[in-house]
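Now for the letters of each chain:
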Amino acid sequence: MKSQTTRAFVALVIGGVLTLGAFLGAFFWAGVPDFGFVRTAERVESVRYQGPFDQAIDETRYLQNFAGYDVEVTAGGETVRGELIEADETHVTLATADGEVRLSAAEFDSARVRGSSYGRPDWGQKIFYFHVPAAEISFIVFGFAAFYSLRFIMTKKREYDIRARISMEVTLLFIMLTMATGILWTKAAWGVWWDWEPRLTTYFIMTLLVIAYFVLRNSVEDEERRALYAAAFSILGFIDAPISFFITRLIPSNHPVIERGGLEPPMLVSFIIAQIGMIAFGYAIYQLRMGEMLLKDRIEQAKTQLER
Amino acid sequence: MAASSMRQFRAMLRKDIVMELRTKEMLMSMGLYSLLTMVVYFVALSQAGSAFDPRDIAAGLLWLAFIFTSMLGLNRSLVHEKDQGCLEALLLSPVDRPVIFFAKVIGNLIFLLIVEALTIPVFAFLFLQGSEMVTSSLALIPLVLVGGSIGIAGVGTLLATMSVNTSGKDFVLAMLFIPLVYPLLLGAVTATGAAIVGGPEALGVFWTGMAWVFGYDVIMLLASYGLYEFIVGA
Amino acid sequence: MGEREPSAPALEVRELTRAFGVRKALDEVSFSLPERAFLSVFGPNGAGKTTLIKVLTTLLNPTSGEAKVLGLDVVADAVEMRKRIGLISHNPLLYPDLTAEENLLFFAEMYGVDEPHVRVAELLEAVELDHRRLDLTRTFSRGMLQRLSIARALLHRPEVLFLDEPYSGLDPHAMDILDGLIAQIRGDHTFVMISHDLDKGLELCSHALILARGRVVLFEPRTAIDERVFRETYRTTVGMGVA
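Residue numbers (my numbering), protein chains in the order written: chain U, 1 to 308; chain D, 1001 to 1234; chain V, 2001 to 2243.
It should be emphasised that the hints constitute simulated quantities derived from the structure, not laboratory data.
Cβ atoms here follow ideal geometry from the backbone N, Cα and C, with glycine treated the same way.
Incorrect hints may have been included.
As the list claims (entries may be wrong) - Interface residues of chain D toward chain U, partial, derived using beta-carbon atoms under 8 angstroms:
| hint | residue |
| --- | --- |
| 1 | Phe-1125 |
| 2 | Leu-1126 |
| 3 | Phe-1127 |
| 4 | Ala-1139 |
| 5 | Pro-1142 |
| 6 | Thr-1166 |
| 7 | Val-1172 |
| 8 | Leu-1176 |
| 9 | Leu-1185 |
| 10 | Leu-1221 |
| 11 | Ile-1231 |
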């Protein structure tokens, strides 16, 4: 028992360190590349934002990123238009047709930035390092759950039911992570929080399947029946998920598709580390829960022994 | 004493049909539920004006009605068995569990198809007046109905067998059923939509959708058939 | 159709256990019942009596151990076994929207009974429900339902009859009919009956079994039972309350 908990904690620490390392690596080391070989249909050329934009800004310090762009500043009732030279918390400097204009933040009302493209560091792409591993892991663990469910149906051994349930719990966790990071990415890349785009939709379906699993478990009194029903549903869900995903190939998608394999070394390393980190994380949670369950079982057994 | 599976199957199917014809409980409730859905559709679409083509959304609306109606029917059909402990009596008899499964699936399928067959003319009457319909592709609709309903009946029977033993009943059935049946729904709506709209590309889209429907049916029916034995005895 | 030696037991239960996790509904139950015996099963609520019956009638599978009815294993030979056993439960196990006759005919079909109509008519008369055979069972009183249920159980001429508190909720007339029927077929059938009625159970039985918490507290042939000791044991175990 002790060694299992120790293992779990070690895995948790490793997972945390690796994931954090990948995060940091993603931000600093992997730089701000043009993630150009990721192609999305229609909406964006690359995950780095391109295309005409018209952005309203209401604090001077937010203008800092737009040096060199065409801005229109409204200050003290007047509107001044020109190319932005610099901006920070206290003032804004524009190069207008009449020469340099320096406005203080006190007078500043609002500004509009217009442009045809901008090379803001694409923080949105960073999410990729977490979103994809999390999604992958969620599927893998979902598969484990189905496997344990199958074993349970075949052997009726309660331990398989416990493993199946814990696997589903871990799946739920990773699904939530994937959904959360996915929604953030959608916002960063396309400017909307949600889209009924096929891959998102089918992942949403998978979320529902996992939640349904727990709803089912909660609504059955009898232990063995509960385990059997849950196992059956887990298997059906696992069969259903790939069908759902393949059916989306029918429908044209906005979801990024990797065109060309191969990531530049800094990114590749970060990516792989994130993968490993996530796996370790998932494993850790699984083991911790397992340990908890086994402990509970032993207590139950001791209780029953005492009763007799 | 010979109790062939075929004989047992027929006996169970006949029993379900006799009971249903006598009470008309399922058919009535499913039929009326369908009708009520139509009323809600009218309200839902009343603000949309006449700018949209009802043919575009007809497929989706129809299958929406079918899905919810079928859940109602599935629930009732299984509640019958549970009521007087009749399922126990069935399990006591020397019948193979899969035979029970098929008898229930076919029974549910028949009732579902009846309700669908009645709903479509009503829907057309209410919403598709004045729309041009390509009759040749319309003839394909029964195919989708059967294909989609088989999947619904197969998976639905298994899930209803479980949900009837839970404390949530209808809700649990919905929670389990809708995510699982999503791909089938997508395929069926695609195919039905193509059949209703018609046109030169319709056939291609139709058969793509149908391919998914049949694929789903085969896979999920096999899985349900395999799992039923373990579920029904619990 | 497995042939067995004439002195083979009708029921053979060996270390039958049904457990899930730490909870044991049946805990290594063992006993052997000869043919044409009448076993009365007693015990407090939750003792595992219904579970035992369910395992013996193939409705539930054992977790470990063995149970054989008429030489047939409850797991391996389940389908074959079901043809030769019958269950009368406190649930009528009948379809409310079918007539009495339709109900019996349906089950006759399920069991593959030869000449179903003849057999059904015969049984309807035996339980004195012939005059109501075309009525929906939904209109029947509890006593009538139970009588019809008896008819249902006997359709396929089972050799072993399981009864799960068959007298509960019956009016005296129905009780008499049940008594009569049991007396009639007593000779060449084996019975296993769960009963909360100690007197009735003892009166009818040839063997008695007391279960508590899934374990066998007592299993004796009637002849070996000292009634006073038995009642005392019964009182203490049943008095132990829920297992």
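- Task: So, Pro-1142 (chain D) near chain U? Judge it on the closest CB pair being under 8 angstroms.
- Result: At 23 angstroms from the nearest chain U Cβ, Pro-1142 (chain D) fails the 8 angstroms test, so the hint is violated.
- Satisfaction of the Leu-1185 (chain D) interface hint, Cβ to chain U closer than 8 angstroms: It is violated, given that the least Cβ distance between Leu-1185 (chain D) and chain U is near 10 angstroms, above 8 angstroms.
- Task: So, Ala-1139 (chain D) near chain U? Judge it on the closest CB pair being under 8 angstroms.
- Result: violated, 23 angstroms
- Item | Residue hint Val-1172 (chain D), partner chain U, criterion CB-CB below 8 angstroms | holds, 5 angstroms
- Item | Closest C-beta approach of Leu-1176 (chain D) to chain U relative to 8 angstroms, hint status | holds, 5 angstroms
- Agreement of hint Leu-1221 (chain D) with chain U interface, Cβ distance less than 8 angstroms: violated, 11 angstroms
- Message: The hint names Phe-1127 (chain D) as touching chain U; please verify it with the least Cβ-Cβ distance against 8 angstroms.
- Response: violated, 23 angstroms
- Message: Interface hint check: Ile-1231 (chain D), Cβ to nearest Cβ on chain U, cutoff 8 angstroms. Holds or violated?
- Response: Where the cut-off is 8 angstroms and the nearest Cβ of chain U is about 5 angstroms from Ile-1231 (chain D), the hint holds.
- Item | chain U contact restraint on Thr-1166 (chain D) - CB to CB distance below 8 angstroms | Given a least distance of 4 angstroms, the restraint on Thr-1166 (chain D) holds.
- Query: Any CB of chain U closer than 8 angstroms to the CB of Phe-1125 (chain D)?
  - Reply: Violated, about 30 angstroms.
- Query: Would the hint on Leu-1126 (chain D) stand, with a C-beta cut-off of 8 angstroms toward chain U?
  - Reply: Check failed: Cβ of Leu-1126 (chain D) comes no nearer than 27 angstroms to chain U, outside 8 angstroms.
Figure legend: structure checked against the earlier numbered hints; hints not met, in rising order: 1, 2, 3, 4, 5, 9, 10.
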